[in-house]
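Asks: Residues per chain are reported as follows:
Protein chains: 2
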Amino acid sequence: MTPISRRAALGAAAALPVAATIMPAGIALAQTQPAAPAAPAAPAGQQAPGFYRMKMGDAVVTRILDGGFQRPIEGFVRNADKQQVSEALRDAFLPPETVPIPITFMAVQSGGRTVMLDTGTGGKAGPTAAFGAANLAAAGIDPATVDTVVISHFHADHIGGLTSQDGRAVYAKAEILVPEAEWAFWMDDGAMSRAPEAMKGAFQTARNTFAPYRDRVRPYRPDTDVAAGIRSIAAPGHTPGHSAFAIAGGDRQLMVLSDTTNHPALFVRNPGWHAVFDMDAGQAEESRRRLLDRAAAERAPVVGYHFPFPGIGHIRQRERGYEFEPAQWSAQL
Amino acid sequence: MTPISRRAALGAAAALPVAATIMPAGIALAQTQPAAPAAPAAPAGQQAPGFYRMKMGDAVVTRILDGGFQRPIEGFVRNADKQQVSEALRDAFLPPETVPIPITFMAVQSGGRTVMLDTGTGGKAGPTAAFGAANLAAAGIDPATVDTVVISHFHADHIGGLTSQDGRAVYAKAEILVPEAEWAFWMDDGAMSRAPEAMKGAFQTARNTFAPYRDRVRPYRPDTDVAAGIRSIAAPGHTPGHSAFAIAGGDRQLMVLSDTTNHPALFVRNPGWHAVFDMDAGQAEESRRRLLDRAAAERAPVVGYHFPFPGIGHIRQRERGYEFEPAQWSAQL
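Protein sequences appear in the order of chains A and B.
Quick note on the working numbering: the first sequence kicks off at 1 and runs consecutively.
Quick note on the working numbering: the second sequence kicks off at 1001 and runs consecutively.
Chain A on its own, in the form it takes in the complex (with noise of 0.2 Å):
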């Protein structure tokens, strides 16, 4: 290779706007916000801060990524064979053998209110899901000043985060709301007594887990407003009491699926596919077929706490089963 000859290089003359050469005539600017200025720089070995935001009406909807695991995918799927769980991931070009199962929580914000909905686990389940508190801190929310926690279901992965390593409330200030038939069945004395010996341990942990927020707990129905412009959806089979949401902003709606579905290029794509989270597989099928229908049908944007981040999408009708397609990454809010 050689130089390339000074006199072209030098051949420049006036410089003129780059926008007015290049770019066709009648290009329309999304908006007109100036740059942000520079965050402080992240070294080569850092990712990225996990999180993302997006309006909904007046609202600030922002996702937080609190990481995720690889699970082995022996015994993930009830009802389908290891060959077919394996041609669905290789399809979405995933790792054949193991499920990707990324954890993402959600800020809503407005009228200078903050509202959580899930908590991440916490930091309490290994290295690889232990981001929750560093994104949420980035992305500057204090969960001290949170006013509203809304628990969609209790496993360890949603409610993990309401407390620190050493069992206090992290949510300082917050009321906790959680699914009433949620809370009925995680503190049933009786059902915890029947259940099998590998289950009572997650009985403990819902029990330790709003111990320290006490009088600060209050029940929600299904299919009511649990804060301002959410509302809780009916979609139970996960868990006895485990909801979705519905967040309203401007013309739009939000459907927040919660864990109505896993990974989607298994569940999405198959939703008559069985994860072994789901206590009663067969309503948390019924729920989560009425879910995609309505959300197929009504184009609106869903999200779903193990869909790859930020896991903001749409849900489209295939011939069989569903697709998520993930929205596009705004660089402006």
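Hints are supplied without guarantee of correctness; some may be wrong.
As the list claims (entries may be wrong) - Reference excerpt, derived from the structure (chain B facing chain A, CB under 7 Å, subset only):
#, residue
1, ALA1041
2, PRO1043
3, GLY1050
4, PHE1051
5, VAL1060
6, GLY1067
7, PHE1093
8, PRO1100
9, GLN1109
10, PHE1131
11, PRO1308
12, PHE1309
13, PRO1326
14, TRP1329
15, GLN1332
Calculated from the structure, these hints are not laboratory results.
None of these values were measured; they are calculated from a predicted model.
The C-beta atom is built at its ideal place from N, Cα and C for all residues, glycine as well.
Dock chain B against chain A, hints included.
Replies: Quick look at chain B alone, frame taken from chain A:
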């Protein structure tokens, strides 16, 4: 709603580790890297920094979001009517009357060296595509320390970042590698004089942009190694010397499509569609089909300059055309 009974909430015994109770036994943790320290907080009105990293063997690839444009669909696809384009956008859950054109350039860092692939608009094409410098800084990359800038072609949204608003070199010490055929075309006074009036500005912009780099500009040929682990791939048509790249990393290859296709919802789904930006539409289509065929056959990861951020994913062949499947975001490097 009434407070839940204190008895139930306080019925907690010794805390059990969360992972042991809910997470199925045998869960495989992907990595053991501890959570990153909290990044400084972003105000609620500010979007997350637009960068994303992935490892390719010993190399770290960093995608840098510059922002994007909204382009009215009128006249955007030369050989499809407005209705067809609108339907393709609608099928991707995008606004049916405007094409969102994101812009993402990238850095490849290995062995202590930093190589840029393209540079964004440099903030010269309006405020919606002026985030590149801030996001590069957020990623901890100082243009003054960059060793090499490899340019895919001379359109202003790729070379604009080479110079500041007042025309000085942004990459203070970098060698600038340019496609030989691209240089030959845009620096040819005859080609400039024969070009339609509307295109003369593009010639001038290219000349202005490279002027401050003088003896630091070097041409490269298609299908040659341009930097350690980075090989050019001939992909003419969009412009005379337009180049794609293959980045080697470990046992994988990342195919950098550059502008072989514009937005995937239009031109990956419909590789026979001709974007108004393609200078030789037939040759561009031949390059597009060749690279998409190869990407689908190899199942190798690809990135596209105008793919939704972070723009990393895979190409799946469909009965008619192809589709782009975004890769799953990783919380860790």
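Asks: Checking hints one by one. Is GLN1109 of chain B an interface residue toward chain A, by the C-beta closer than 7 Å rule?
Replies: Holds - the Cβ of GLN1109 of chain B comes within 7 Å of chain A, reaching about 6 Å at its closest.
Asks: Next item in the hint list is PHE1051 of chain B. Is there a CB on chain A closer than 7 Å to its CB?
Replies: This interface hint holds because 5 Å falls under the 7 Å limit.
Asks: With a cut-off of 7 Å on the beta carbons, see whether TRP1329 of chain B makes it to chain A.
Replies: Holds. Min distance 4 Å.
Asks: Under 7 Å, Cβ to Cβ, is where PRO1100 of chain B needs to be relative to chain A, so tell me if that hint holds or is violated.
Replies: Hint on PRO1100 of chain B: holds, closest Cβ of chain A at ~6 Å, below 7 Å.
Asks: Grab the minimum C-beta distance from GLY1067 of chain B to chain A and call the hint holds if it beats 7 Å, violated otherwise.
Replies: OK, holds: GLY1067 of chain B within 7 Å of chain A, min 4 Å.
Asks: The hint names GLN1332 of chain B as touching chain A; please verify it with the least Cβ-Cβ distance against 7 Å.
Replies: It holds, given that the least Cβ distance between GLN1332 of chain B and chain A is near 6 Å, below 7 Å.
Asks: For the restraint on PHE1309 of chain B, tell me whether the closest CB of chain A is nearer than 7 Å.
Replies: With a closest approach of 4 Å, the PHE1309 of chain B hint holds.
Asks: Any CB of chain A closer than 7 Å to the CB of PRO1326 of chain B?
Replies: holds (5 Å)
Asks: Hint PHE1131 of chain B vs chain A: min CB-CB distance below 7 Å?
Replies: OK, holds: PHE1131 of chain B within 7 Å of chain A, min 5 Å.
Asks: Quick check on GLY1050 of chain B please, does its C-beta sit within 7 Å of some C-beta on chain A?
Replies: Constraint on GLY1050 of chain B satisfied, holds at 5 Å.
Asks: Measuring from the C-beta of PHE1093 of chain B to each C-beta in chain A, is the shortest one below 7 Å?
Replies: holds (4 Å)
Asks: Can you verify the interface hint for PRO1043 of chain B: is its Cβ closer than 7 Å to any Cβ in chain A?
Replies: holds (6 Å)
Checked against the numbered hints above, the structure violates none of them.
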